[in-house]
Amino acid sequence: MTQVETRSAAAPAVAGPAPRFKRGREAVTGWLFVAPFVVLLVAFLLLPMAYAFKLSLYRSTLIEGEHFALFENYTQAFKDPLVREGVVRVILFGLVQTPVMIGVALLAALLIDHATSRFSRIFRLAAFVPYAVPVVIGTLMWGFLYSKDTGPFGSVLHIDFLSSSWVLASLGNVVTWQWAGYNMIVLYAALQGLPREVYESARIDGAGPAQIAWRIKTPMISSAIVLATLFTILGTLQFFTEPLILQPLNPGSITQHYTPNVYAFNQAFSFQQYNYSAAISFLLGAVVFVGSYIFLFATRKRSAL
Amino acid sequence: MTALTLAACSSSSDGDSDAGTPSGPVTVKVWAWYPSFQKVVDLYNSTHTDIKIEWTNAGAGQDEYTKLQTALKAGKGAPDVVMLEFQELPTYQLTKHLVDMGKYGANDLKSQYVDWAWKQVSQGDKVYAIPVDAGPMAMLYREDLFKQYGLSIPKTWDEYKQQAEKLKTASAGKAFMTDFGGNDGGFMTGLTWQAGSKPYTYDTSNPSTIGIAVNDEPAKKVMTYWEGMVAGGLADTKAYGTTDFYNGLGSGKYVTYLAAGWGPGYLASVAKTTAGKWRAAPLPQWTAGANDQGDWGGSSFAVTDQAKNPEAATKVAMEIYGATNTAAWKIGIDEAYLFPTATPVLESDAFLKKKYDFFGGQTVNDVFVPAYKAIAPFSWSPFNSYNFNQLTTGINGAIEKKTSWTAALDTAQANVTQYATQQGFKVQ
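Protein chains in written order, with my numbering: chain A, 1 to 305; chain B, 1 to 428.
Among the clues, some could well be false.
[Unchecked claim] Derived DSSO-like pairs (lysine-lysine); straight-line CA-CA distance at most 27 angstroms:
1) A:Lys148 to B:Lys220
2) B:Lys76 to B:Lys110
3) B:Lys73 to A:Lys54
[To be verified] Take a look, some chain B residues computed to stay more than 12 angstroms from chain A by CB distance:
4) Asp42
5) Leu72
6) Lys155
Think of the hints as simulated: they come from the structure by calculation, not from any bench. Note that CB positions come from ideal geometry on N, CA and C, so glycine has one too.
Please build the complete structure, drawing on both the sequences and the hints.
As structure tokens, then:
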């Protein structure tokens with residue numbers, strides 16, 4: 001999203017030297033093109049964020065009503081062991097999930113790029129289909145598949161996939177299933193854009209297909225990999241839908257504070273703690289922002305973003 | 001009465017529609033999730049010309065409450081009349097979002113309800129909701145499986161456990177006496193209510209003071225009992241409302257189902273294939289020969305502070321499932337499987353003598369009605385969603401990690417007390 005923003009905002013500026021009146025008119029035209037986006041951005045992102053920030057500075061209790069509390073909610077969130085538990089879980093989840101996700105997507109993209117038969121199109125579509133399934137429906141479907149009594153795996157393997165020792169891996173599986181195809185398409189598109197003559201010279205130099213894939217193709221699409229990784233990190237930090245949908249199946253292992261987002265949701269809509277919920281959401285937003293910035297900074301040489 | 005309102009209406013709408021006063025029927029917006037409610041609404045609209053109900057199904061339980069909270073917080077968008085479960089009422093009373101229906105004649109209905117049910121919805125002369133249905137508890141059991149495994153109907157919880165052990169041996173561990181749904185705060189509270197637990201001492205006339213005893217002795221007794229049942233492999237722990245749970249009810253994995261008054265209808269819809277095999281018996285007792293009962297669920301109609309015409313809204317709340325509205329109750333009983341709270345409906349032949357094919361022709365209300373009448377008064381906290389959350393989180397966590405259930409109650413007690421203090425309550 002950030003990229004779209006900067007690019008479209010920068011568009012009028014690249015117009016170059018031109019007579020003053022013309023530049024003015026072009027600027028207006030440029031703004032007209034950007035206007036729908038700006039309106040949506042303000043209405044659905046900036047205004048709600050400002051409102052949430054205002055909410056987070058107040059405190060409303062059942063008995064005493066609402067009062068200005070400055071950063072009281074934030075201090076509480078920092079001290080709240082349930083928030084900390086969620087954050088730690090999400091980070092742990094991300095550390096495992098992100099490499100697995102990108103690895104699977106990259107492998108699939110390289111394989112499909114290498115295969116020249118017409119089956120590669122079918123594989124490409126098949127890998128992408130899960131992304132076309134709405135997250136809620138996909139998660140519900142996995143909920144049935146995971147069932148220990150009636151699901152196809154549980155009854156054979158005698159594993160309770162939603163028990164506390166398995167649940168994180170099970171959720172990871174749902175997320176990978178859902179998003180690997182999408183990331184794969186991003187990486188595959190980047191592979192399609194590479195100049196073919198590079199492969200040829202590599203072959204002449206004696207490189208095999210595996211070497212070409214690992215030493216030529218992968219480094220050349222590093223900016224796409226960085227982009228896909230960024231999406232994955234953003235998604236992981238906001239981990240919400242999957243645990244929320246699967247929660248009723250085993251509330252003992254997927255608690256109501258499972259991830260910071262789920263916790264914020266429950267604070268607002270189950271316990272009427274709108275202010276505290278806003279503070280947690282705002283903190284989470286800050287973490288997402290800082291996290292993605294650090295990642296981009298660390299990979300700036302490769303990413304070109 | 002209908003004739004009267006008809007007459008009144010026709011005289012007023014006789015021409016002077018330009019007089020500035022609205023001449024058409026008053027529209028009352030209602031949120032409810034009762035099954036087959038459309039028919040009840042149609043019935044109401046076809047028999048009234050002064051009021052027209054506009055019904056929305058805003059989701060069941062928490063789904064509806066989430067929308068309602070948001071609308072109340074926003075200051076607009078809430079309905080005039082809303083379906084609320086008993087345990088939710090204090091929350092909305094305290095935040096002053098409910099209209100005192102006593103002002104519009106709701107107190108006249110008091111005599112139609114048993115004491116505990118009326119106390120759930122009122123405070124002195126103030127009436128915050130009209131009760132509709134309740135959930136007295138009973139034990140539904142598979143008669144065929146009881147015969148097959150040689151079980152007898154348990155009258156006490158001790159006997160219940162003995163039968164469970166017998167079942168475990170007879171079925172080689174394939175069948176469970178029941179499933180304990182640790183994800184349902186209402187179910188667990190119903191069971192502790194029967195044992196005499198009083199988790200909250202709360203009176204909305206003194207709203208800032210509350211007594212909290214989530215971990216009182218009766219509650220601990222109940223939880224220790226079920227901890228033993230689960231540890232012994234006598235009760236399963238599938239979450240209620242899940243596919244595995246329904247599957248267990250239909251496949252004979254569970255030979256009893258501890259149900260509320262609305263349970264027979266619910267069971268009939270989720271375990272259709274077992275029709276005719278179930279029977280109902282009273283809930284087992286803690287002391288032999290006693291008649292202690294608990295309630296699980298129960299709903300009412302309340303009028304919100306956003307009602308444009310609170311008087312008309314009160315009228316709707318009083319009349320939709322009114323005690324004399326036999327036609328509406330016929331739908332409510334036959335199609336929606338509601339357990340009526342109004343005594344005249346409860347004691348009518350249509351309800352008391354109704355035979356249920358699903359229960360092999362048994363008149364199951366013989367079991368539920370006496371249970372309903374024996375329920376002791378009970379008070380809820382004004383933060384029930386937090387309360388239920390603590391209960392379910394604690395007990396589910398204990399089930400999952402195989403830790404002590406009574407320790408979970410102690411933790412819940414500490415958390416709820418802390419929450420109440422943060423909310424500004426004086427905790428006694």
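Do the hints match the structure? See the list:
For the hint linking Lys148 of chain A to Lys220 of chain B, the alpha-carbon distance of about 30 angstroms lies beyond 27 angstroms, and the restraint is violated. Using a Cα cut-off of 27 angstroms, the hinted pair Lys76 of chain B and Lys110 of chain B is violated, with the two alpha carbons roughly 31 angstroms apart. Pair hint Lys73 of chain B plus Lys54 of chain A holds up; C-alpha atoms about 15 angstroms apart against a cutoff of 27 angstroms. The Cβ of Asp42 of chain B sits about 32 angstroms from the closest Cβ of chain A, beyond the 12 angstroms cut-off, so the non-interface label holds.
Chain A draws Leu72 of chain B into its interface by the beta-carbon criterion, the shortest separation being 10 angstroms against a cut-off of 12 angstroms. The beta carbon of Lys155 of chain B sits about 31 angstroms from the closest Cβ of chain A, which is more than 12 angstroms, so the claim that it is off the interface holds.
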